[in-house]
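Place chain Z on chain Y using the hints.
Quick note, the sequences are listed as chains Y and Z, same order. Residue 145 in our numbering sits at position 145 of the first sequence, with consecutive numbering throughout. Residue 263 in our numbering sits at position 263 of the second sequence, with consecutive numbering throughout.
Don't read these hints as lab results, they were simulated from the structure. Keep in mind that the hints are not guaranteed to be accurate.
For each label pair, taking beta carbons as the anchor points, the in silico distance ranges come out as [to be verified]:
{"no.": "1", "chain 1": "Z", "residue 1": "Leu165", "chain 2": "Y", "residue 2": "Ser67", "range": "31 to 39 angstroms"}
{"no.": "2", "chain 1": "Y", "residue 1": "Asn34", "chain 2": "Z", "residue 2": "Ile309", "range": "49 to 57 angstroms"}
{"no.": "3", "chain 1": "Z", "residue 1": "Thr203", "chain 2": "Y", "residue 2": "Lys163", "range": "44 to 52 angstroms"}
{"no.": "4", "chain 1": "Y", "residue 1": "Pro264", "chain 2": "Z", "residue 2": "Ile338", "range": "54 to 62 angstroms"}
{"no.": "5", "chain 1": "Y", "residue 1": "Phe41", "chain 2": "Z", "residue 2": "Thr203", "range": "55 to 63 angstroms"}
{"no.": "6", "chain 1": "Y", "residue 1": "Phe41", "chain 2": "Z", "residue 2": "Arg157", "range": "14 to 22 angstroms"}
{"no.": "7", "chain 1": "Z", "residue 1": "Ala17", "chain 2": "Y", "residue 2": "His155", "range": "35 to 43 angstroms"}
{"no.": "8", "chain 1": "Y", "residue 1": "Pro264", "chain 2": "Z", "residue 2": "Arg157", "range": "33 to 41 angstroms"}
{"no.": "9", "chain 1": "Y", "residue 1": "Gly273", "chain 2": "Z", "residue 2": "Ala146", "range": "56 to 64 angstroms"}
{"no.": "10", "chain 1": "Y", "residue 1": "Thr142", "chain 2": "Z", "residue 2": "Leu165", "range": "42 to 50 angstroms"}
The following residues of chain Y were derived to be distant from chain Z, with all beta-carbon distances above 12 angstroms [stated by the list, open to error]:
{"no.": "11", "residue": "Val30"}
{"no.": "12", "residue": "Ser74"}
{"no.": "13", "residue": "Leu80"}
{"no.": "14", "residue": "Gly82"}
{"no.": "15", "residue": "Gly88"}
{"no.": "16", "residue": "Ser93"}
{"no.": "17", "residue": "Gln101"}
{"no.": "18", "residue": "Ile164"}
{"no.": "19", "residue": "Gln259"}
{"no.": "20", "residue": "Glu268"}
All values reported here derive from a predicted model rather than from experimental measurement. For every residue, glycine included, the Cβ atom is placed at its ideal position computed from N, Cα and C.
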Amino acid sequence: MSSPLRTPVGADTPRSNPDVRLSVEQASYVYAPNPAQAPLFTLEALSFQAKPGEIVAILGPNASGKSTLLKLISGSLEPLSGRVFLNGFATHSLPPKTRAQRIALVQQESQLLFPSRVWEFVMQGRHSHSRGLHFESQEDVTVASNALAQVGATHLTDRWMDKISGGEKQRVILARALAQQPLLLLLDEPTLHLDIGAQVDLLESLRKLAAQNRYTVVVVTHELNLAGEYADQVVLLQKGKCLRVGPPAAVYQRDLLEQVFQAPLSVEMTTSGRPRVTLFSDK
Amino acid sequence: MRPLTLSRLLLRCGILAAILFVVVVIAIKLGAVQVSLYGLGRDLIRVLLGQSSSISSDYGMIIVDIRLPRILLAIVVGASLSVAGASFQALLRNPLADPYVLGVSSGAAVGSIVALLIENQLSFSPAFAGLFTPLGASIGAGAAIAAVYFLGRRDGRIDSSTLLLSGIIASSFLSAIVMFLMSTLSGGNLRGYSYWLMGSFSTLPPPSLLYLLGIGFLVAAGAIYTTASDLNLLLAGEKEAMHLGVDVHRVQIVVYVAASILTGLAVSVSGAIGYVGLLIPHGMRLIFGSDHRMLLPASALGGAIALVIADTAARTVVAPSEVQVGAVTAVIGAPFFIYLLRRGLK
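One chain only, chain Y, in its complex shape (with noise of 0.2 angstroms):
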């Protein structure tokens, strides 16, 4: 194909920096019934880039534009202005099988109309990457296995998707997402159902994936410290307004928080140089 969308943009721009992985420029979008009428929701442009290995949280209360940035970059959505960009390309332009080699996303829950079992369902991952009638060949078996054991859930294999647990189904969705060998993964929300012990379980092997195979990870979350704590970057966002993007540490400003969350807090620093919220009541 020799479509102007499969060009890399110009070296003079700034993502020409080899080290940027994820671009999100100026990247805006509006909700509106019809464009005559008052728009409902409005994302406004925002940017921030991101390299490969590491973890950025996008950050804020409900209705705040969490998942419109998240569909933004992962191109489901194309921007009203500005441009995402993934190895200079644009993620909303990129032909779905492509895209699908280069992102991944974890959605909050699969719905399944009839039961699969659990190598079926991470074998979906290698769909983008096959060809024909989509015959799983030697090597989607490998990386298939592989996706499993990167998330501790090889005992799973055989199992039926409908008869494992909350935080198991959690780890095979990522086991799928890792099996499409993605540059990009994108999680939303991914630790809405899930107890402490495997929230801390899933972030911890996010943080090992992303250095050890050098993806870039998005996360959505409203969890402030799960976000202060393993994310390289954050980008704190309020009714659709980016507020900051930076550093946990120097975005987690005590009077800040406070306003965009609505509630008292403080903020101390741990020994690893990462902040940590308290909430406490305003009584």
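Same frame as chain Y, now just chain Z:
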């Protein structure tokens, strides 16, 4: 981990094809006139050798001119309806989808009759006229599924029970139109209201239409089969499939058009035979799992086996008279539908 391989796929299909062959032989043997297995074998070999003319006996005539075409018709219609059912189930993400239940068959019946009416008004060459009814049926099927799809959508999502209700309403509405149109139709093309309502193989189409039916089936089912692994992902939802690399819109259009053609072809030659597209894919899923690469060919062969058996029952149980094959499939299919519905609602 045991992914599906081509050889396993072919082996399983081979077993089903062998079962189909045995069923066909038994179906040829059974009937109002008894045929000996020896005479049958001798005559079949003669047919294969292209020496049909040398078959002198009346038995031969019964086999070659009456039972065999009817069985071939049952095979193609059964395969078409099953593949269409499996496709609609994946496309609409609804395990209860079936061309008959969704009103698609009734839409095809209306399309067929409208095509017949137009045919009577204009005088087409016979070759084109043969093509015209299945074409009208396919368009009717496509229009019906489009209408049911949009009626079944709520807040941008397909709601399972709304979809089924829309299908049932569409079905009864379209059946009323069929009844109305039947009263305006007269002459040689008149096949009777109950034919369109329940389906029957008692009226054999001309051989040219049989060929068209076979070719149409191969093309449409082949087109659906190219999307088999995309359909597997589509079961998880449109968004998820897109993120896994499926070109969702292309797959939806291919499957939607091809499944409408399959339904249209089947209905234009045999009327609306119900529940085959529901029962067979479910049975095959229980045996082979829900991978569409296996499910689609298994459904085609399973649907063929089931309709040959059902039609044999239809013409032998009350011999020398016969019941409609659609009555046989409904007697078995409707309770099964209720069972699935109850299980799904829990």
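Taking the hints in turn, this is what the structure says about them:
Separation of Leu165 (chain Z) from Ser67 (chain Y) is about 32 angstroms and conforms to the stated range, judged on CB atoms against 31 to 39 angstroms. At roughly 55 angstroms, the beta carbons of Asn34 (chain Y) and Ile309 (chain Z) sit within the given window of 49 to 57 angstroms. At about 50 angstroms, the CB distance of Thr203 (chain Z) to Lys163 (chain Y) agrees with the hint of 44 to 52 angstroms. At about 58 angstroms, the CB distance of Pro264 (chain Y) to Ile338 (chain Z) agrees with the hint of 54 to 62 angstroms.
Evaluation of the 55 to 63 angstroms hint for Phe41 (chain Y) and Thr203 (chain Z) yields a pass: the beta carbon distance comes to about 60 angstroms. One distance hint, 14 to 22 angstroms for the beta-carbon pair Phe41 (chain Y) and Arg157 (chain Z), holds here, with the actual separation near 20 angstroms. Between Ala17 (chain Z) and His155 (chain Y) the C-beta distance comes to about 39 angstroms, which sits within the given range of 35 to 43 angstroms. Between Pro264 (chain Y) and Arg157 (chain Z), the C-beta spacing of about 40 angstroms keeps the proposed range 33 to 41 angstroms intact.
The supplied range of 56 to 64 angstroms is met by Gly273 (chain Y) and Ala146 (chain Z), whose beta-carbon atoms lie about 60 angstroms from each other. Range check, Thr142 (chain Y) to Leu165 (chain Z): Cβ separation about 47 angstroms, and the 42 to 50 angstroms hint holds. Distance check for Val30 (chain Y) against chain Z: the nearest CB is about 18 angstroms away, which clears 12 angstroms, and the non-interface claim stands. For Ser74 (chain Y), the non-interface assignment is contradicted: its Cβ lies about 7 angstroms from the closest Cβ of chain Z, within the 12 angstroms cut-off.
Under the 12 angstroms C-beta cut-off, the non-interface status given to Leu80 (chain Y) relative to chain Z holds; the minimum distance is some 20 angstroms. Non-interface call for Gly82 (chain Y) relative to chain Z: holds, since the shortest CB-CB distance, roughly 22 angstroms, exceeds 12 angstroms. The Cβ of Gly88 (chain Y) lies farther than 12 angstroms from every Cβ of chain Z, with a closest approach of about 20 angstroms, so its non-interface assignment holds. No beta-carbon of chain Z comes within 12 angstroms of the beta-carbon of Ser93 (chain Y); the shortest separation is about 14 angstroms.
With a closest Cβ-Cβ approach of about 7 angstroms to chain Z, Gln101 (chain Y) is found to fall inside the 12 angstroms limit, against its non-interface label. Non-interface status of Ile164 (chain Y) relative to chain Z is upheld: no Cβ of that chain comes within 12 angstroms, the nearest being about 16 angstroms off. For Gln259 (chain Y), the requirement that its beta carbon stay farther than 12 angstroms from each beta carbon of chain Z is met, with the minimum near 34 angstroms. Listed as a non-interface residue, Glu268 (chain Y) keeps its Cβ farther than 12 angstroms from every Cβ of chain Z; the least gap is roughly 39 angstroms.
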